[in-house]
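**Student:** So the sequence lines, in the order shown, correspond to chains A and B. Take the first sequence: its position 187, counted from the start at 1, is 186 in numbering that gives the first Met the number 0, and no numbers get skipped. Take the second sequence: its position 167, counted from the start at 1, is 166 in numbering that gives the first Met the number 0, and no numbers get skipped.
Worth flagging that the hints you see were computed from the coordinates, not collected in a lab. Virtual Cβ for every residue (Gly too), placed ideally from N, Cα, C. Mixed in with the good hints there might be a few duds.
[To be verified] Straight-line C-alpha distance at most 25 Å; calculated PhoX-like pairs for lysine-lysine:
no., chain 1, residue 1, chain 2, residue 2
1, A, K135, B, K260
2, A, K135, B, K22
3, A, K135, A, K58
4, B, K8, A, K60
5, B, K8, B, K22
[To be verified] Residues of chain A placed beyond 10 Å of chain B at every Cβ, according to the derived structure:
no., residue
6, S69
7, S128
8, D130
9, A146
10, P178
11, T265
[To be verified] Not everything, but these chain A residues come out facing chain B in the computed CB check (under 8 Å):
no., residue
12, F53
13, L99
14, R115
15, M118
16, A132
17, E141
18, Y145
19, L149
20, M175
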Amino acid sequence: MTISLEPRPAIPTLGREPATPAPVDQAVSGPSAGEQHLRPAVAALLVDHVTKRFVVGRKRKPVDAVDDVSLRIERGEIYGILGANGSGKSTLIRLVSTLLTIDSGRVEVFGHDIEREEMAVKRLINRVSVDAAFFKKLSPWENLVYAARLYGLDAGHAHADAVRILTRLGIGRSRMGRPVEQMSRGMQQKVAIARALLTSPTLLLLDEPTTGLDPRSKLDVQSFIEELRHSHDATIVLTTHDLDEAARLCDRLAILNEGRIVTEGTPAALIEQVAREHGQPPTLESVFMTYTGRSLDEDVEENASGEDDD
Amino acid sequence: MTVVARELKASFAFVERNFNLTKRYWGWELAWLTYGVAGALSITLIGADQGDRRLLLTLMIGAIFWNYLGILFEILADTIQWERWEGTLEYTMMAPVRRYTQLLGSAVYAVVYGLVYTTFILIVLVLFFGIDLSRADLGTTAVFMLIGSLSFVGIGMMAAILPLIYVERGAQMTFVLQSLLLLVSGVYYSIDILPGWMQLISRFSPATYILDGVRRGLIDGMPVTSLWHDVWPLLVMALVLIPLGVWAFGRAERYAKRTGKLKRVG
């Protein structure tokens, strides 16, 4: 199994049965292509009336972190999820990542039910979280080999792929053998993305991948995500606090507020709708404020520590 | 690739990762090894001070083999805690790896690491005290190490559940459990001197049978065939505790996913 940053013609089979996506109409590339009327039979990600409830505090008060959320993401899309701190973004990503169980509703990844076919789903997904979790004493290379083995990849091929991806991300060979803890956060986040790509996920979950990065690293990561859209056959779900980033990268957006999706659409359509119906300035900030009643800037400041929010 | 081959390959991921971590923490490894040798020597010197060869050997075996069992227990029990501390728990739990595969990888590494560590200390002590092991039955020792490792792996798996369920206190609970095993298993003394209720508890510790079997093999040269009373409890514990540990770990993981306890803390 190899992965490449060169254009790939078809859905990667990953060489791991039975975790191949269910067949998809190849003529349809998702709503961004303006072909919403030709929906593929199988969505890359289907979230159907999903609810996740936690009990919190000494009084064990129930809180719906995700409340009756439904969304459908087509293969090849970059789908953005915007939300304030505690809105349920990370919980939703964790649900799709199989790190949380669903209280009600269902989630399917390329037609595989996340509860009944958990292992198949796990082979199709990977996640990059805000905190770029690594064994910090190990080198990028050692962390990537660990990931490769967990995903059943051949170590020899994984080596070549890891070097190629890390090099593309600006991490020289001399850095690949040094402990991750000696790298900047931006570099660590690039290694996290490389680690995720190494396993050739067909659904890549990016949970605030640029939060807390310096402007240069943020741009690097954003460019790389953009490049992925063209070169790698992956569907991407991106949560972010950065409205410019969302506008730049995402084909469609959903705004999550108190666990519920309050609006969904292409950035252009959302902006146009808010300007037309509410007389607001034509910006994503206006869209966010209209539907949540608050500015995202406040949350960015609150979340400056880089910890994930919910 | 067959499921078995894939899972074995994946289990090697944990062996290799732990080996790499050991290399990176080589300074600490050296420190622990030094402490292990010093601790075993200090305890064994009590026997030398008394001029009692049997006491010396009893203490030496207790110190060395408790070290080994402690390593097995700690590596397995820390399977979750270590990753929680590193912040990689969610990444590992998200990977397409079955939990028994993860536990198998951790167990294999723990046994290999423990054997290397223990062998080194054993050699140092044998040379230091000039101990003659020509009468010892090393086969008996090997059998008890093997069977005992399996039963201790089972206990380690059960202990690993605690940090999964109790995010803050789980590691402390495993430490308490390890301390209780030390107390009741006759590591440095005969369990006959314990109060009756503690002797009853000691029957449920695999370390009790392992240490008794190893002592009889090394000190008295007894063959394993005459130590069946120590062997069968270990076999039963291994057969019960390992599947029970895997099952309980799965239940605990499900609970952690339902309550959101896989999330990084601290």
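**Student:** Hint compliance check: list the failing hint numbers for this structure, sorted ascending.
**Tutor:** 3, 4, 7, 8, 9, 10, 14, 20
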